[in-house]
Amino acid sequence: MPKRVQSPSSINTFKQCPRKYFYQYIIKHPTKENIHCIRGNIVHDALEKFFSIDITSIDPDSFKKELSFYLKNLFDACWSGAKNRLSKVGLDDSKLQFYHDESMQMLANWLNHLFEDIDSEIKQNNTPLKQAFKKLAPDEMEKHFKDGELMVRGFIDAIHREGEHITVMDYKTSKSDEMKPEYLLQLGIYAVLYEKQHGNYPNKVGIWFLKHGPNVIDVTPKLIKDAEFEIEQIHFATESEQIRDYPKKESGLCRWSTGQCDFYDICIKDR
Numbered sequence: 000m001p002k003r004v005q006s007p008s009s010i011n012t013f014k015q016c017p018r019k020y021f022y023q024y025i026i027k028h029p030t031k032e033n034i035h036c037i038r039g040n041i042v043h044d045a046l047e048k049f050f051s052i053d054i055t056s057i058d059p060d061s062f063k064k065e066l067s068f069y070l071k072n073l074f075d076a077c078w079s080g081a082k083n084r085l086s087k088v089g090l091d092d093s094k095l096q097f098y099h100d101e102s103m104q105m106l107a108n109w110l111n112h113l114f115e116d117i118d119s120e121i122k123q124n125n126t127p128l129k130q131a132f133k134k135l136a137p138d139e140m141e142k143h144f145k146d147g148e149l150m151v152r153g154f155i156d157a158i159h160r161e162g163e164h165i166t167v168m169d170y171k172t173s174k175s176d177e178m179k180p181e182y183l184l185q186l187g188i189y190a191v192l193y194e195k196q197h198g199n200y201p202n203k204v205g206i207w208f209l210k211h212g213p214n215v216i217d218v219t220p221k222l223i224k225d226a227e228f229e230i231e232q233i234h235f236a237t238e239s240e241q242i243r244d245y246p247k248k249e250s251g252l253c254r255w256s257t258g259q260c261d262f263y264d265i266c267i268k269d270r
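For the sequence shown, the residue numbers in numbering that gives the first Met the number 0 are 0 to 270.
FYI, nobody ran anything at the bench for these hints, they're computed from the structure. This structure is a prediction, so every number in the text was calculated from the model and none was measured. Where hints are given, some of them may not hold.
Heads up, simulated DSSO-like pairs for lysine-lysine below, C-alpha to C-alpha not over 27 Å straight-line [stated by the list, open to error]:
#	residue 1	residue 2
1	K134	K210
2	K174	K87
3	K14	K224
4	K63	K224
Full structure from sequences and hints, please.
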C-alpha cells in the first residue's frame, strides 16, 4: 500500500504507543477536544497575528505599554473565538479562567523577552523602533512543509533569517523547559523539511518555551541522521492496517489521576 504522509506528531505517537497510532491514524477513531491543544492553538494564533501590526503606528516612547495592550487584546479575541471548542472540554469556568490567565502569562513572558531584545538593538546599534521590530520579527510564520519523496510534513511556527543565518523555532506552552527526545525529533524533521524545500539546512533550531524562554541548538549531522532514520522506520512499521501489528505499550499515559488516553475505553475492550 502507498506510504502515509507522516508528521512529527504521528511519529511520536507511534513511538509512545503503536496501538494509539492505530486508533488515531489508521482507523481515525474520533478524539475529544483537549484544553492543552486548544490553548496551544489560541496562543499560536495570537503570536502569528501579533507581528502583523503596523509598527509605525506605535509611539516609540510608549511602545511597551502599547504592544502589551495590543497582545492582550489579540489573545482575548482569539480565546473568545475558540469559545465553542472550549465549551466541549468539560471544565468549569474557574478552571477555564486558570488556563486563560496562565496562557496570558506565558505570552507576557515571551513579550518581555522581545522587549529586552528590542531595547538591546536600539541601545547598542542606535536602531529606530521600526527597524528593530522588523529585524527581530520572524521572516515567516506558520509555514507548511511537505516532501513527497519522504512522505512527511510539518508546520513550522517561525523562521528567522539574518543574512545567510537561518533559525527555525517552535512555540510550546508546556510546563517544563526540558528539551525532550520528541522535541529533538520534531526539530530534526523540520530541519530535513527545510533543506528539501530550500536546498540548505537551517543553522539552528529551537523551542521557545513560552513559560520559560528559548532553547536553541545547532543543526548537527546527528540531529539530521536521527530524523531521517525515524522517518524511514515509521513507514516500514506502519505498512499494515491490521490491529495485531500495532501492539499496546501500556504506561502512565494510558490513565492518570485527572484523565486518560482518548482511546482508553476502546483499547480496554480490544483486550
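Hint check results:
For the hint linking K134 to K210, the alpha-carbon distance of about 23 Å falls within 27 Å, and the restraint holds. Taken as a hint, the K174 and K87 pair is honoured in the structure, with Cα atoms around 23 Å apart against an allowance of 27 Å. At roughly 17 Å between alpha-carbon atoms, K14 and K224 fall within 27 Å of each other, so this suggested pair holds. Pair hint K63 plus K224 does not hold up; C-alpha atoms about 43 Å apart against a cutoff of 27 Å.
Hint check: a violation occurs at hint 4 only; the rest are consistent with the structure.
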